[in-house]
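Protein sequence lines correspond, in order, to chains R and H. Each residue of the first sequence is one higher than the one before, counting from 1 in my numbering. Each residue of the second sequence is one higher than the one before, counting from 1 in my numbering.
Take the hints with a grain of salt, since some may be wrong.
Here are the simulated distance ranges between beta carbons [said to hold, decoys possible]:
hint : chain 1 : residue 1 : chain 2 : residue 2 : range
1    : R       : Leu130    : H       : Leu62     : 26 to 36 Å
2    : H       : Gln8      : R       : Lys15     : 14 to 24 Å
3    : H       : Leu49     : R       : Leu130    : 41 to 51 Å
4    : H       : Asp2      : R       : Thr59     : 20 to 30 Å
5    : R       : Thr59     : H       : Met22     : 26 to 36 Å
6    : R       : Glu58     : H       : Met22     : 26 to 36 Å
7    : H       : Leu282    : R       : Ser175    : 28 to 38 Å
8    : R       : Ser175    : H       : Asp2      : 42 to 52 Å
9    : H       : Tyr36     : R       : Ser175    : 12 to 22 Å
From chain H, some residues computed to sit far from chain R (all C-beta separations above 10 Å) [said to hold, decoys possible]:
hint : residue
10   : Gln6
11   : Gln12
12   : Arg250
SDA-like cross-link-like pairs, simulated, lysine to any residue; straight-line CA separation at most 20 Å [unchecked claim]:
hint : chain 1 : residue 1 : chain 2 : residue 2
13   : H       : Lys31     : R       : Gly3
14   : R       : Lys109    : H       : Asn590
15   : R       : Lys81     : H       : Ile960
16   : R       : Lys15     : H       : Arg16
17   : R       : Lys109    : H       : Glu11
18   : R       : Lys28     : H       : Ala9
19   : H       : Lys31     : R       : Ser39
20   : H       : Lys31     : R       : Thr42
21   : H       : Lys4      : R       : Asp24
22   : R       : Lys28     : H       : Arg16
23   : R       : Lys28     : H       : Ile28
24   : R       : Lys109    : H       : Ala774
25   : R       : Lys15     : H       : Ala9
In short, the hints are calculated from the structure, not lab data. Every residue gets a Cβ at the ideal spot worked out from N, C-alpha and C, and that includes glycine.
Okay, here's what each chain looks like letter by letter:
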Amino acid sequence: MKGIVFTGLLEMVEKRFGYVVANDIIIKSNLPSEGVYTSVGTYDYKEMQSLVKQLSVETGLSGNELLEAFGTYYFEKLAAKAVDLFSVSDGLFVFLSKVETYIHPEVLKLYPDAQLPTFVIEEHTENRILMLYQSKRRMEYFAFGLLKGAISYFGETAEVSMEGKGNGDTLFIISKK
Amino acid sequence: MDLKQQIQALEQILERERRARMASEQLIEEKATELYSIHREVIKLNSKLEQLVAERTEDLTLKNEGLQVATNRLALLIQNLQFAVLLEDEYRKIVMVNQRFCDLFMTPVAPEKLIGADCAEAAEETKELFQDSETFIERVDRLLEDRQPFLNEELHLKNGKVILRDFIPIWSQGKYQGHLWIYNDVTEKRMAELKLSEQRQFYENILNSIPADIAVFNNQHQYLFVNPVGIKDDALREWIIGKTDEDYCRMRGRDLGLAKDRSQLFNKVMKEKKQVEWEERLLNKEGEVGYFLRKFFPVLDASGEVELLIGYGVNITERKKWEQEVERSEKRYRDLFDYSQALICTHDMDGVFINVNPAISELMGYAPGEMIGRKIEEFIPYDEKGLFKTLYLDVINEKGKAEGVFRVLSKEGKKLYLLFKNYKMEEYGSDPYIIGFSQDISEMIAAEKELRVAKKITEESAKAKEVFLANMSHEIRTPMNGVMGIAGLLGKTSLDEEQRNYLRLIQESANNLLVIINDVLDLEKIIMGKLQLENLAFSLPERIEMCVQSFTYKAEEKGLTLLYKNFCKDEFAVIGDPYRINQVMNNLINNAIKFTDKGSVLVETRLKERHESKVFIEFIVNDTGVGIPENKQKEIFEPFVQASSSVSRLHGGTGLGLSICKDLINMMGGELMVDSLEGKGSTFHFVLPFEISSMIPNTQKIPDHMDYKSLGNRKILVAEDVELNQFLAKHILESWGFEVVLANNGLEAVERVKAENFDLILMDIQMPEMDGIAATEAIRKLEDVKKASLPIVALTANVLKGDSDKYLRAGMNDYLAKPFDESKLFVVISKNLQEAGVEIQSANQTTQKISNMETIQKLYDLAMVETISGGDKAFVKKMVQLFIDTIPQTMQDMEKAAASEQWEATGKLAHKMKSTIDSMGIVSLKAEIRTLEANGKASESVDQIPGQVQHINEVLGKCIEQIKKDFGL
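Given only the sequences and the hints, what does the whole structure look like? Please build it.
The following block contains the structure:
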């Protein structure tokens, strides 16, 4: 997992819960990397699970809630970094349909070692998109948060809901109002 | 949270940030190095690219120069067109032409050489290439004149090519500039089209000739195609395209129900995209019912939607009829099976019932169906279950059928017998099974059992009858022996005329009584099928002659002429039963004399047919007597019937004679016939077949006159319990000069043999204490070889069949039936003495007359050698010499072998000697050499072997002496 995700998480933790909490979860998680993350480095995704689990202990919030919140928070950061790949003018649905076919391939050019989930468009109508999320790392709530972040980023009135399909496969339904 | 903690957290964060920065810097450094090398690579590639661009630019610049470039391009384009192109100016001079044009019209010149050529001239030459060459020029002139574009004009070349021609006039600013000809070779395309249409026709033909309705529908259920089987009428078939079944029904005025049914099925296929199959019942114009098997198949397009629907229908009216017929037939068989009184079942190859008809269930006491699925073995009695597989299942499996009787148990345990005949049925595609038919024969078996008991009773009573007859025969013969013997002795005393007459009457009566007893016994034997014929070689004329001669006295007495005429000129011996022929002829001649008061009795034998190895001889006995009324001629052959009741009063007799003759003749292969005129006489005649014998018969005729003294002084033991018979035998034998010792029973006989030396024993069979058979066996076991091999002749009144075998088996040499006469006794005794090697002095007065007396007195008989020689005396002499030269060596070898107890070797030498003894006719050793051979071979009774060898050598020594004497060697 790219370091940017870790630095993003810690940034959010610092902002929301204070640097002491951020420091605490790093120390308590007893990480192989010792919490030394650079955004361009690559780290074991299990460290993310450890951090979220520890944060959940510290905050009393569930891991899924935390991942969702992190996803929403993190989308803004991604958008700021990826100005070459998409822009607000694209609109939400165009962006979503580009994720798997364009954005991810481009990301892989930049970070050949990045491990990306797949977002297959199952259905694409004027008002609705069905995306099937598949990842070994089972970060569906993170993805859920990202999608929420995306909706707010594009300033569109849309709703996203999720349906577990087993084995961590998750179907996201994004509907415009 | 205190400050210290906060500071510590901050310090920790700071430390991490520092380390993260260092890690980032390292990554940046690595990336920078990477970037640098990529930059270098890009610069290199860029310069290479620039060079290539420069080269290309230069190239292009050169090519773009001048108008020529465009022209070249155009020319190139035209040259590469798929069409043949010819551009002419307004004067019909060629401006441009391509290679394809040259190829098409077979112009031998390159296209650029044609530029400027005059097409008007060329057309005259070119026209010959076209099929309609005459109109070609006209057509071209017309186009040139009209100056209107004319496209796709089809032209046919003589070489078969098809060309589409475009004529395009070119106008520029209102001025005619020339015209363009474009030729497109569409031959291949046309061929392909033709092929496609042929193929289409081919498939249509197939569709049309399939003996089934075939229709194709679009997804609106409208007909796209129907084959002629579906709709025969051509017009209707064309009409229906685009129509629906409903349209069709309306048009034909048919019930719409059919169309609706089909429509429902159609919709089903459209929905489910699967084929459906159904049977349709239709009435034709004549109102007959027809059945169709129909199917709808969907044809799906690429997206999986139904594009077309194929309807398929076969007329199954015939099949339906068959099915109904089969059903009816099956019902009939089922009824037959169910209602038949015959027992019918089927079972599989393991013997499990598949089906059992009610007749079986009922018989066996089971409910219908109760036996089905059960093993047949369950119904078989316990002790026979084991046989079921081997004796039935395996047999039927291998042979395909089996029959026999099953013993089965009914439900109540009653034993039933079923006579069955079962067959294995094998049909292709199904397992073999057995169909069984049976019949309850339990009652028959019970009846048969009763019959068997009855038969046993009958057999037992028949046996009792036989025993009674044997006893009766014995009881009568024994006193008869005395009567006849004493009468014979009485005849030797001096009697006056009256006494002699009485004696004759006694003898005649006794003889008649004997004939009656013999007739009764014979008839019994014939009835019981126990009479067996002999197969002996004998001379037929001699036999008949003898028989006729014996009646000479009787005929003379009545003043009748008795004549025998033999018409068989050929000399041959026949094989048959001389005794039975004698019996028949005696009977017939006796009758003829009996029923004839004056005139003659004529006996004839005639050769009817002669084949290579077979002759047919006719026997005729003709008399001039009373004759037989025509209505009695058949009856006289029945037993106990005579021509008239007065006959028995006048002539006596049992009435069995002719019946026995007829039966005997039948047994010998002939038929006794009679021709008779009442008061004129009778002729009895029959024809018998005989095998011709290759051997000269060794006739055993009893000589008329015998020299009873010729046997010399012999010592004979007579074992006999009846005093009269003792006296008779003693008297006869002593009159021959013999010494006679008497024994009253078998035990005494054995004792006497042990104590004294005899030449021969006459042994009665039925005696008290020990019978003749036991006594013989005891004597044969005696240690003294000479005594053990004494000739023993049975004297018996038991003459039923099988008895003689019994005597010979017991070790007796011969037998004589009581009552016997002197001459018969003499022949038997002399024969057995001679066979035992006793020398017999020759009597001059008999040797001349009776050839067989010679045999009796001779140690050897060269008859066989003489036969083989065919009259060559030198050959006979050579054979005899050979015998004298070789046999002493064999004798010596055999003696040595026996002395050293080499029994097997002895047996082998005996075997070697056997054929010599036979061919030299040394009859007395015939039996003994065989016994020796057998004993030696099996190493049995070895204690007797040395004695046997010694005896054989003694006899052979005598033979050699005799032969030397006879042949003067």
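Which hint numbers doesn't this structure obey? 1, 7, 9, 10, 11, 14, 15, 17, 23 and 24
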